[in-house]
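Spelled out, the chains give:
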Amino acid sequence: MNNSHITHTYRMTTAALAVATTVLTASGGIFSSTPNTPVISCRVESERTVLTADKPESMMVKVSLKGAERAILDDERSPVNMALVIDRSGSMSGERIAQAKEGAITAVKRLTSSDYLSIVIFDDKIETLVPTQRVTDKESIISRIREITAGGSTAIFGGVSQAAAEVRKNSERGFINRIVLLSDGQANVGPQSPADLGRLGVSLMKEKISVTTIGVGLGYNEDLMTRLAAKSDGNSYFVENNNDLPRIFTSELGNVLSVVAKSVKVVVRFSSGATPVEIVGREGTIDGNCVSLDFNQIYSAQEKYVLIRAECAPGKSGESRDLAKVDVHFHDVAANTSKKVAAFGSIRFSEDALAVRESVKKEVVREAALNDNATMVAKAIVLADQGKKEEAAQILEKQAAKLKKQAADYDIDELDKEADYQTFNATNVKAKGFDARSRKENVQRNFATQNQMLQQ
Amino acid sequence: MSHKTPILYLLLIALPALLLTGAAIRLLVGVREQLASLEQERQRTIAEKVSGEVVTWVTTLQSELLQQVERLPQPTLQQELRALQQDNPFVRNVFIWESEKGVIFPKSSPVETEEQRFLIRFAPLFKGDYAWQESKSETDTSYSSRVLTKVQRRRSGWIPWFEGNQLHLLGWTEMGGKRIAGIELEMSAVVARLQSLLIPWTEGRLGGQGLQLSDGQGGVLVAAGTHSKGQTPFELTLGAHLPHWLFKVYPKQTSSHLAERNILWIGGLLLLLVVASLAAGGFLLVRDAILQRQEALQKTSFVSNVSHELKTPLTSIRMYAELLADNKAATPDVMRNYLNVIVTESERLTRLVNNVLDFGRLEQKRRNYHCEPVKLPEFIISVLETLKGVLEASEMKLEINAEAESLVTADRDALNRVLVNLVDNACKYAADGKSILVTIGNGKKQTFISVADRGPGIPTAHAKRIFERFFRVDDSVTATVGGSGLGLSIAQQLMHGMGGDLHWSPREGGGSVFTVTLPREDQG
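Chains as they are written, first to last, in our numbering: chain Z, 125 to 580; chain S, 2 to 525.
No lab work stands behind these hints, which were simulated from the structure alone.
Keep in mind it's a predicted model, so treat the numbers as computed, not measured.
All residues carry an ideal CB built from backbone N, CA and C; glycine is no exception.
A couple of the hints might just be wrong.
No farther apart than 27 Å at their CA atoms in a straight line, the calculated lysine-lysine pairs in the DSSO-like style are these [unchecked claim]:
| # | chain 1 | residue 1 | chain 2 | residue 2 |
| --- | --- | --- | --- | --- |
| 1 | S | Lys389 | S | Lys429 |
| 2 | Z | Lys386 | Z | Lys330 |
| 3 | S | Lys429 | Z | Lys449 |
| 4 | Z | Lys179 | S | Lys108 |
| 5 | Z | Lys389 | S | Lys108 |
| 6 | Z | Lys541 | Z | Lys513 |
| 7 | S | Lys389 | S | Lys435 |
| 8 | Z | Lys513 | Z | Lys449 |
| 9 | Z | Lys293 | S | Lys429 |
| 10 | Z | Lys262 | Z | Lys293 |
| 11 | Z | Lys440 | Z | Lys389 |
| 12 | Z | Lys512 | Z | Lys522 |
| 13 | S | Lys108 | Z | Lys330 |
| 14 | Z | Lys486 | Z | Lys528 |
| 15 | Z | Lys528 | Z | Lys513 |
Where chain S lies over chain Z, by a calculated footprint (3+ residues, C-beta under 8 Å) [claimed, not checked]:
| # | region |
| --- | --- |
| 16 | 215 to 228 |
| 17 | 305 to 318 |
| 18 | 410 to 418 |
| 19 | 524 to 531 |
If we strip away everything but chain S, and leave its shape as in the complex, we get:
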């Protein structure tokens, strides 16, 4: 249960975060799609408008040209057609055709001229392999029908013709009898004019998008505006007037395209921020909850430990006090023995209570230190003297190795408490080792007091935590040795409070060494 709970907490936080992420991504994708479809709609509108303009322009040009041909006077038709070709930039070639004779004008030439190439280009048509097809009256497209109706009075039309994959347009009209007169459109001039027709659509308020007019092979005829590689254009054919020609509108370079990207970026970033802060907040909350839970457990075990610790000496004191009260002590020696036990146990009780009181003060940061010069090793020896009872009770042998004398700055009560706790711990947990070695040594600016035992030592996994409050290596209620889990924590805090330190290290050959470091007064 205990290690499943954090996972549950995390799940509870992660799940809404994930849901939020999902929803936000969906929303963003939706917005993006909407923008894309708006852009597509815009492209479509522009494509229709501009291609309509292109087709209108071409059909108007075509009908105007054919009307000019129709109006030419018959007797001087050749000269008039020639003049039209020489003056009209949109007329590439002219011809007169009769049903029996074929082309009667211009004359075929032995030299390769533009005119000769024209006759060869349309030879199958002029030979009669193809019919003179009339332009379809395109009632479906309003722009062309309006223009074409005028021409429809006589049989006439425009024939798209492909040579070398290039589109040529041949306009023809009946001139009376079996005569047909016509012109070939100058496609280069048409393309050049379409260029200036498209450019205004890529500039100013309407601008931004790239426009392209390409032939059936994908060869670009007119390019206006710009587009970047990989963009897919909206494509539209131009109908029967310009067969196979494609009009392409590329998406706008500026506003909407950028806006779409920006929205995605900002949205993504915001989402990331929200999820990250949720996760971080959740993590902190869960960690806090776990810590509080651990602390609560430790406190519970602390209370039961302390109660147990209090109860043991009280029981002894009460038992021996009752024995004395009932005059059950036979001899004065036995009576003294009883009294000694009562004294030892009450001293133990005092230590315990002092520890708890000290702990309370330290926790509330109310502990004041009265630091003064303390002479070593005399002070230590006097402290250890007071612990004789405890040592004897646990059958421990104490050795003192005081190599040097020194003067340190310390709060006598605090140092006393630290030493008592360390020796008491050794008696409690390392009694099997039978001996305690207290060593006093001098460093350059510090004095070291180490308390070494031959006990079971401390597993390295716990070594880091032994100075945490309430922590006990064996925290089970059924632990063989009692304790509050406060001793080392208090000792270290007191040492820190006096500007010294306390740390643990394993002892060579088994056991533990607790070393107290104090600043030296005489070298400071």
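This is chain Z alone, in the form it adopts within the complex:
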């Protein structure tokens, strides 16, 4: 056991790499398994660390959090409080419900007696098939799952609400709370717009409940499903092939079981020379120079970030300036204590164009470009939905060209690949708009980009 305060400082003061990425773990944490690795490492990076002097500049700032890579053993991980919400409307019948049941059973088998599980099934009526309980009698839970049959309409809002009620029963006990919603249809009972479900996601997020959505087939509403997941910091999956369902359940559960930190509050305070203008792709608030946002959890070895567009006041050549300070408060799952990390970022001004150019952070540029691209693809989808195929295709073509240029300018392969994808997208959209599959694929890609979800 190591009870000492651990402070890791990686302050880089080298002039050429003037940005600093500082990681501080300040609280008195107890690391039983890996005493020398902080649970979350935090970095603040700007698009460029050297800005052109005497010129107001707009730039993207990336604040990233990465969970420590940990082999999480079953007896060390935090217990999970999970609710499965399974659509059993008429469209689910046959192979689809069978595979969904298999998936749910896979999940039950992975959980242990320290976890809680509830199962809600819904068509137009909502039924709590398994009220929240410790996963001790797996056989009885599995046999209840096997009894599920399909038929009826789709009350997604109600199903998730009921699952939340089940999860809430154990909310005081420090679990990792997760609702997994599986549906293949359009919500047609109860509130049913993506906005309504998005608001539900926001409120569940505040209760530390994340909703992971699994859309099956080509008939579900991808806007609704990704919105609900994004707003509640859950994952979202597009499963076209029923046979993939058990694998997706396994993957999702693996994800949930690898949570290293939860209730993550990020506060970014910009220094006086910089003003935050916009948070890209995530829900958060900007109050003056202060940006705050939450993550429900950070997974092992997975990076989550937020992109903040900021305006920088002109600086004199040679001037070095603090950019922002980030404070991250979180709950360390393994140690079961609250902890805090902090990071600083700074910038420098120069008249030397080469220095400015060389200071480019490819990673930030890349993520900013991909996020910007996601926003534009979303716009193209809206246009195509309105029947404006030409305009949608134009946006995508422009996007492809822009990405190509950025790829060449900064020598980033990923952007080149993305440009090719958008060229291909543009050709398809021009011909026939987005069909059900390509629309889902694109919405799903956008989700993965904006929420840093690992591609399945």
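We have chain Z; now place chain S onto it with these hints.
Here is chain S on its own, set in the frame of chain Z:
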């Protein structure tokens, strides 16, 4: 009179049956209505209870939220409000407003964010187009007044706001000076909680009915339990707290609804059964009465016929006997003539009496048959010999066409009676035809004896009934030809008794043919 009576009978039966039906239907409808009103009463009670619970829950939430806002320390109000928004699932947005400046927090943003949309949504209110209305102290609803009194110390309230037909609720409270702080309620979270508030009311002992909470446009917000299409719900508004929202209770799916249907079904079925059995019983009774009446009439006419038949020969016998007694016969020839008449008439009397006796035996099923082999046509010829007197009296010519010989099984007396009756009938009713043809023929297993005349024949309408007892084609007392209506009936019954048959067919060229069928002994 005679054909009106059955109608009267039927009416007498149908009328009470109809009355019974009417009463039963009324009763059933009454029971149904009672069940329906009970169900409605139940729906109303549930509607009031659950909607009361909903309103209480919402108002409690509202007052708790406003109290939280009130308690926030003034110097760090912005940060505190922000923290409230970030942590409380029921707080969608927060704001601070001052009377001269309008909204001072949050700041308007050039980028379209949730906060920006909030500021736009409530812009007319924030600009001062609307007054900050206090919530009405609803003394009429006990649940809200209790909760609201605490908040009433400072000016505060909840403002319902519609955007895109969706209800938004904005809570505000005075913070001292001209400052107002407030929050926008997260309606999705409210709806989600109401879901779990309604579900227990559709499960277990309380369950069965479908509950629904819908907005002003009829859009369903929360649906719990099930209901089938076409059912009319009991509706209740939720008052000023949730304006335009409707709470609906659909009738119970199971017990009472089914019971109502079952009662109607069983009741209807029972009623149908009662009416059907009444009708059937009535029909049988009426038919029986009609038949008995007909029979009584036939018997009366039978008695008068028989009396008449008995009287005619008796009169002749008495007259000729008196003539002989008074020695009025001049010559022996005349005397023999008188005696012949007396003999013929007494033979006729004997036949009649025999018929009546036979009839009695047949009716009481006491007739015994002594069947033995009988040789044809010898037996028939001998029978016809005895009828010479009758034939002569009616001036009929008898022809016998006996093609073949055969041996049949028969009771001699019975066969004799059948032939006598047939020939006697021909003499009585077909005397105008002047001739009778008796034909004897052989079939494979049977022998046929037919008696054909050239009389007026039998109308087809009566053909079926000529073998019924007492039936006479012309049954009026004033009929020109007398008769008892027994001859053919007896003849057919006797034939059946011997294992043979007797039937009638019209004769080609006019007249009737009565055919007797007998089993052949020699081919059996």
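- Query: Counting residues of the region 215 to 228 of chain Z with a beta carbon closer than 8 Å to any beta carbon of chain S, are there 3 or more?
  - Reply: violated (count 0)
- Message: Between the alpha carbons of lysine 262/Z and lysine 293/Z, is the straight-line distance 27 Å or under?
- Response: With Cα atoms ~20 Å apart, lysine 262/Z and lysine 293/Z stay inside 27 Å; holds.
- Query: Are the Cα positions of lysine 293/Z and lysine 429/S separated by 27 Å at most?
  - Reply: violated, 111 Å
- Count the residues of the region 524 to 531 of chain Z with a beta-carbon closer than 8 Å to any beta-carbon of chain S: does the count reach three? violated (count 0)
- Verify the proposed pairing of lysine 389/S with lysine 429/S, using a straight-line Cα cut of 27 Å. Holds, at about 14 Å.
- Query: Per the coverage rule (Cβ-Cβ under 8 Å, at least three residues), is the region 305 to 318 of chain Z covered by chain S?
  - Reply: Holds: 3 residues of the region 305 to 318 of chain Z have a Cβ under 8 Å from chain S.
- Message: Checking one constraint from the list: CA of lysine 389/Z to CA of lysine 108/S, max 27 Å. Satisfied?
- Response: holds, 22 Å
- Given pair status - lysine 513/Z, lysine 528/Z, alpha carbons within 27 Å: holds, 22 Å
- Would you mind confirming whether the straight-line C-alpha gap from lysine 440/Z to lysine 389/Z stays at or under 27 Å? Violated, at roughly 34 Å.
- Query: Under the criterion that the straight-line Cα-Cα distance not exceed 27 Å, is the pair lysine 389/S, lysine 435/S satisfied?
  - Reply: holds, 14 Å
- Task: For the pair supplied as a hint, lysine 486/Z and lysine 528/Z, confirm whether the alpha-carbon distance does not exceed 27 Å.
- Result: holds, 15 Å
- Would you check the hint for lysine 512/Z and lysine 522/Z, treating anything up to 27 Å between C-alpha atoms as holding? Holds, at roughly 16 Å.
In this structure, the earlier hints numbered 3, 8, 9, 11, 16 and 19 are contradicted, and the remaining ones agree with it.
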